[in-house]
Amino acid sequence: MDKQFLILGIGNLLWADEGFGVRCVEYLNQHFEFPANVELLDGGTQGLYLVQHVQACDVLMVFDAIDYGLEPGTMKIIRDDDVPKFMGAKKMSLHQTGFQEVLATAEFAGGYPDELLLVGVQPEALEDFGGSLRDVVRAQIEPAVKVVLDFMAERGLVPQRREQVLDSTELSPNQLAMADYEAGRPAEDAACRRGDIRFIPSTCLQGDSN
Amino acid sequence: MNTPLNASQLDNSGRRVVVDPVTRIEGHMRCEVNVDSNNIIRNAVSTGTMWRGLEVILKGRDPRDAWAFVERICGVCTGTHALTSVRAVEDALGIQIPLNAHLIRHLMDKTLQVHDHIVHFYHLHALDWVNPVNALKADPKATSELQKMVSPAHAKSSPGYFRDVQNRLKKFVQSGQLGLFANGYWDNPAYKLPPEADLMAVAHYLEALDLQKEIVKIHTIFGGKNPHPNYLVGGVACAINLDDVGASGAPVNMVSLNFVLQRIQEAREFTKNVYLPDVLAVAGIYKDWLYGGGLAGQNMLSYGTYTQVPGDKSTDLLPAGAIVNGNWDEVLPVDVRDPEQIQEFVDHSWYSYADGVKGLHPWDGDTSPNFELGPNTKGTKTDIKELDEAHKYSWIKAPRWRGHAMEVGPLSRYIIAYVSGKEYVQEQVDRSLAAFNQNTGLELGLKQFLPSTLGRTLARALECELCCDTMLDDWQALINNIKAGDRSTANVEKWDPSTWPKEAKGVGINEAPRGALGHWIKIKDGKIENYQAIVPTTWNGSPRDAQGNIGAFEASLLNTPMERPEEPVEILRTLHSFDPCLACSTHVMSEDGQQMSQVKIR
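Residue numbers (this note's numbering), protein chains in the order written: chain E, 1 to 210; chain D, 1001 to 1602.
Any given hint could be a false lead.
Listed below are the simulated DSSO-like cross-link pairs for lysine-lysine, each with C-alpha atoms no more than 30 angstroms apart in a straight line [stated by the list, open to error]:
hint: 1; chain 1: D; residue 1: K1217; chain 2: E; residue 2: K3
hint: 2; chain 1: D; residue 1: K1272; chain 2: D; residue 2: K1225
hint: 3; chain 1: D; residue 1: K1171; chain 2: E; residue 2: K3
Treat the hints as calculated values from the structure; they're not laboratory data.
With the hints as constraints, model all of the structure from the sequences given.
If you want it as structure tokens, here you go:
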């Protein structure tokens, strides 16, 4: 049987750069067609509910926005045993605890992938509810996708480039596809976009409290 | 146990214990309690530590798209928000859905309920009762005997099976893997199971993991994919053709429906042979731990769910209603449209309303943040050491039903169903209480046992059983209706916004795994003008109100003795029994990578 590949994008696309992982798999699916032994998955923030997908694959590739304390937009590539460590050491969103736990659960229950690749990007902004990727992070979608394509090519797997790029995401409802998502965003004065200053310095809220 | 339910009765003079974050929940939550000189909790403060951007993200968008956004707000409540959202839009526009869609939505909703309840018990809550490290000391043969006694019908019970599980656990623990069991307080005397029961539970942890991945395949059949199945205003997002023989991507056919039936049967077997017996076994050993009631038994709310005859709420399997002031003899009617019944207050929440406004019905809801701390806060805005609960202290609003703080969730649904005379529920509850009393030699009555942490956990398991049993009925009704010639799965008459009124408002309700869920929508010129959700954890995690009424989490912790205040096993146990989901009730981001919650005593 062919090796099973899983390309997983995780994160919450409602929170600006947190959507990086999901946008990468969306991009891949819009531009390439994959053979049946490759699964592309928009994992959202599903945490433990993703475990069966991880258990079912031999090679796991994950896109995610991860805080390494680097310059925003910096891409970092992590392999194999380092992956769970990185996903737990410095997390800034809830799903990352979730994903470290997913890997631990897969190891305990059986079905841990043979190979892991994490393509992470340092986010610039998260505190922007309903926002989309910042330019520096958006600019890393294609390089990140290339890392995964090269990684698969080294394993003898080359997907076919689509003749026509898909408009829709197919992996998510179309209203969440990046273009529609960005176009439909409410104006800033209609909808406050910021959070709690204990976690994220926010001029909006600091202004309120003076 | 008489629990004070008003802030004025609470004693905050003792040592303050801060648990932040509360772990193994969805989202970010902080809890502070005061313990007296005997380490008994005398004051409790629960706070959601981020605010949620759900409503504001939706302003100006197409109402038909709202479900896809609300499905993303949180990792565990996906489908239940989506369903409630499409119901809100259908209510606003007066759309009736076809019978097939009604039945398929029930099947999907109950699948979510079963999935959520099983994963909650085995993968989030069990570690409050079960000590996996202690399982290493178990005798596999004795474990096998225990398994056969607890559940004679369960096939996986041989000594060899438990030896394998134990070896796997040993290897895992020895490898120093962090993550799964790293955060426990495994030498705390609050853990009381014998090693054999701990080992049995670890085996079931693994079995539940296998089961959960099967049951969610029902979402893939009817919703096109999982995670994040598709929903549709007007019906369901799948076609039906029993003559079809195609595989994936094809319309729902007899092959896929039979597949669904098998998944239901598997889940039903697991629930009856594993989940329910496990809950009763745990309850039997923790028979003296009847803490955690709080508002349960006093003030409970349900919107009702699983309507048998579409459009007729009086046919709900689990009926709507409210019980207040502990009067189980009277179930009061609930109307989610009545501006006098459900109101949200922000006196102790980090929001502000316009001058003079007190409570707001969600149709008129307002979400304007106002993060300010009271004068008795210790610490600073960016590093709070101790909250001042006399002032604003949470990102969760305080919803009230006719002025009462209410508990919602499986236990509220079950008590309301029981006293409303639902025979199926009465049989389940009576049977379980009889088993508990028989196992323990106690003679507890309903009102002594149900309003407790254990009662909450039992109600969830019983509801899982109800869902499995009645999914068989839903499945049969679906087959019968299709065979009678009805293939319709969606009503698209009002799909086109040109058919809509200029302005409309509606409400979608559901009983989500965690309790009463409502989405209130206002539509203007084809767009969302206002959208407000009151999620179950908003009710349960509510802060105080202007009258000093405390919320369900806070009330549930009072009077609980702690073995070791620096190890908050008891706090986690009771909070987890609500299955909190702070991702929905607040907007969540944790600030660092700490796995272990910080517990500080001051």
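Structure-based check of each hint:
1. D:K1217 / E:K3: Judged against 30 angstroms, a Cα distance of about 23 angstroms means the pair holds.
2. D:K1272 / D:K1225: Distance of about 28 angstroms is within 30 angstroms: holds.
3. D:K1171 / E:K3: 27 angstroms, holds
The structure agrees with every numbered hint stated previously.
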